[in-house]
Amino acid sequence: MSFKFLLLILALITFAAFFLGRSRAQSLATAEKVKLAALPNYYGYMTALWCVVPVLFALFIWSQFDRGFVLSSTFEALPAEYQALSVDELTSLKSNFVNSVDAGLSSDLPEALQTLVPRYEQANKVAQMIKLFGALFLVVVAIVVCWFVIRPALRARHIVEGFIRYALIASSLIAILTTVGILLSVIFESIQFFKKVSIIEFLFGTHWSPQIAIRDDQVGASGAFGAVPLFAGTMLISLIAMVIAVPIGLMTAIYLTEYASKRLRSIAKPALEILAGIPTVVYGVFAAITVAPFIRNSGGLLGLDVSSESALAAGLVMGIMIIPFVSSLSDDVINAVPQSLRDGAYALGSTKAETIRSVLIPAALPGIVGSVLLAASRAIGETMIVVMAAGLSANMTANPLEAVTTVTVQIVTLLTGDQEFDSAKTLAAFALGLMLFIITLILNVFALHVVRKYREQYD
Amino acid sequence: MTNKVREQVKSTLAKRYAAERRFRLFGLVSVMIGLAFLCLMMFTIISKGLPAFTQSYIQLSVNFDLEELEISDVNNEEAVQYADYDSVLKQALYDAFPDVSGRKAKKQFRRFLSSGAGYRVSKQVANNLDWFNTTQDIWVLAGDEVNLFMKGYIRADMPENERQLNDQQMAWLATLKEEGKLKKRFNTAFFQYGDSREPELAGILGALKGSLLTVFVTLLLSFPIGVAAAVYLEEFAPSNWFSDVIEVNINNLAAVPSIVYGLLGLAIFINFFELPRSAPLVGGLVLTLMTLPTIIISSRSALKAVPPSIREAALGLGASKMQVVFHHVVPLAMPGMLTGTIIGMAQALGETAPLLMIGMVAFVVEVPQGITDPATVLPVQIFLWADSPERGFEEKTAAAIMVLLVFLITMNSLAVYLRKQFERRW
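Line by line, the protein sequences are chains D and Y. Using the working numbering, the first residue of the first sequence is number 1, and each one after it goes up by one. Using the working numbering, the first residue of the second sequence is number 1, and each one after it goes up by one.
Any given hint might turn out to be false.
Said to hold, decoys possible - Derived DSS-like pairs (lysine-lysine); straight-line CA-CA distance at most 30 angstroms:
| id | chain 1 | residue 1 | chain 2 | residue 2 |
| --- | --- | --- | --- | --- |
| 1 | Y | 90 | D | 269 |
| 2 | D | 94 | D | 425 |
| 3 | Y | 106 | Y | 90 |
| 4 | D | 352 | Y | 90 |
| 5 | D | 269 | Y | 304 |
| 6 | Y | 4 | Y | 90 |
| 7 | D | 269 | Y | 10 |
| 8 | D | 352 | Y | 4 |
| 9 | D | 269 | D | 453 |
Because the hints were derived from the structure by calculation, they are not lab data.
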């Protein structure tokens with residue numbers, strides 16, 4: 001009796017309910033010799049919706065209590081020697097128990113717990129039955145109710161359309177829920193983190209080494225959470241990326257809109273779109289196995305000491321990644337500048353370059369600034385390139401040839417691998433995530449505002 | 001007076017034209033830099049990845065002696081599957097070099113055959129039960145070092161202590177190659193198996209299937225929700241502060257770093273709802289939230305492009321608002337919505353960072369069978385292989401990238417085709 005089977009039954013019943021509702025309405029109409037208030041199909045839709053939606057809701061709510069029910073009814077009969085355990089110990093005991101029984105390894109359990117295995121299986125069965133019969137009960141009730149509610153005068157279309165309207169509203173609320181979810185998840189864990197580490201130390205401390213001591217005398221286990229080196233590293237790499245992407249992206253946009261022949265444009269634009277569509281992990285591989293060794297070797301030729309995970313390599317590749325982003329956004333804003341401004345400048349005798357420099361760019365400046373800010377927010381939040389090409393050591397340096405680390409790299413490092421949800425180490429990742437979210441949000445809101453305001457100006 | 005101005009203009013004209021040319025050149029160079037990097041990247045990846053599609057095999061005369069294999073009943077599938085083929089293969093390798101004797105010398109053959117060679121042979125044997133008690137010339141999967149030798153990564157001109165094969169081993173391999181018993185063949189196993197610690201055994205089927213399952217979940221959720229949200233915002237939403245909030249919200253979500261979605265997935269789906277780690281289900285949920293803004297924004301512009309006259313005509317004929325939207329507007333906007341969805345799916349297929357957060361970075365050998373099995377996805381597999389120290393994984397990384405790019409390019413071409421084919425100008 002699996003969940004899939006239950007869903008299959010529900011689907012079949014819903015299908016049948018549609019025809020039931022429709023034929024009920026039609027037969028009533030013929031019997032009473034009146035016209036239906038809605039098309040016959042709408043009575044079918046109504047019945048089907050009443051059949052499936054409440055059940056799915058109920059199943060979802062039950063799924064939140066399912067496990068709790070099974071566990072509590074199993075552990076009611078907990079042997080006396082386990083009664084004295086603390087809450088945490090009990091939780092881990094329960095999850096161990098469930099894991100080994102589900103894996104078919106119940107014989108490995110201590111004997112006292114083995115007595116619980118039949119109870120557990122029984123409870124599971126009961127839970128299954130509750131699910132099955134509860135679902136069937138709701139479906140039957142829905143069908144019976146619909147059977148009596150359906151009258152030729154019933155405005156079924158209004159009911160169905162009202163329902164669809166709510167479904168549409170619910171879908172668009174998911175966007176809000178996502179934002180709320182992001183905020184709740186990072187803020188909640190960050191508050192936990194700031195209970196362990198002071199917010200002042202986190203924001204202004206200059207030493208980052210998140211390893212927490214397992215023993216007191218452990219070497220190098222200071223557990224310092226000063227995030228300034230991470231912010232500095234993020235800024236350094238993003239700055240390198242912007243220094244590369246902004247002039248090249250802007251000039252690309254200008255060249256393609258103002259100078260390029262139709263043929264070049266028809267080749268270069270899709271090519272840049274490909275560049276924008278390449279997954280960041282591919283850029284990361286490119287940075288790590290091609291660009292970083294190249295920079296180190298050429299630095300070696302010049303007698304420079306270049307780290308193999310230099311900020312320059314990561315920044316350079318990130319800059320390339322952002323070029324299409326900057327160029328397509330600037331393209332839009334340059335195109336939005338009215339032709340009359342260009343014509344005016346030409347009429348005064350200025351060359352094309354002069355027109356662009358002293359008319360187009362100033363006119364498009366707010367839009368360009370907006371696109372640069374959006375690009376910056378993308379550079380700050382970029383993860384894979386820096387995870388693969390930048391280092392882990394939290395250095396405070398402005399030298400692009402040294403290794404630095406970034407906020408995103410640390411989030412990934414702290415959260416991959418085994419983790420406990422109460423250690424400062426994992427919680428720190430959420431605090432960093434909160435910082436990242438706030439910074440990019442401010443940049444985005446500001447940039448979108450600037451871009452939108454500017455667009456309105458010439459519309 | 002006018003002459004003076006004319007003189008002035010003329011005297012600076014050469015300079016101004018030079019500036020014009022410089023500016024133009026700078027623009028051209030910028031475009032070229034972008035294109036050059038694209039070409040360089042493609043060239044690097046293809047030249048590194050192509051060798052991975054071949055794999056070295058050694059031809060051996062293997063004696064499938066039932067006694068040697070300790071199989072008592074040929075029809076017992078389990079016995080046939082789990083017999084010790086490795087030792088038979090090893091014996092066949094020793095027999096190929098009859099003049100080499102002594103434990104120490106024989107030990108040098110140890111890494112010639114892949115540690116998975118026996119397993120692969122067992123599958124062949126299961127389909128050819130008449131091989132038992134006969135000697136067969138079969139191609140056996142070679143080890144990683146042999147593969148590197150065949151592909152020219154280990155060469156004789158490198159100092160002996162810096163390569164993984166010594167002079168003696170190189171000489172043996174050269175003999176095998178000359179006799180035609182060591183060859184590169186097309187690497188079908190790359191598309192048939194999951195990940196492995198050994199480069200020569202590692203395949204992308206597991207990651208590919210994980211990716212497809214994840215994107216499937218994403219598509220199933222994000223397309224209906226995205227279209228529904230777009231329809232509501234474009235067709236039904238009253239213009240009040242609440243609709244503004246939703247709109248600003250969606251624009252901002254489109255620019256939130258993807259890793260933040262990973263944090264959301266970890267905190268909410270895994271810790272709060274206790275969904276299984278590393279599963280395509282959770283990956284799909286996270287990617288749904290991530291791609292929703294893209295789909296909503298493009299679906300809205302597709303809906304906007306449908307002219308009001310269509311709506312008015314339908315309303316005029318007595319259709320309800322809902323019927324106008326679902327019978328007329330949405331079908332007309334569908335190509336645009338599908339284009340946006342495909343682009344969103346391509347984005348989801350290439351995404352790595354949020355999936356690292358929800359544990360899809362685990363080492364998974366098994367090919368996932370359902371959306372709750374532990375799995376990894378192609379981009380994460382690329383990340384894992386790129387991080388592996390073994391030389392043999394470098395070409396696998398590039399090959400996996402090629403497979404990923406093939407999928408992405410196909411999807412994007414499909415989107416372009418849809419746009420070209422069905423887009424209507426009103």
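Violated constraints from the hint list, given by number and in increasing order
1, 4, 6, 7
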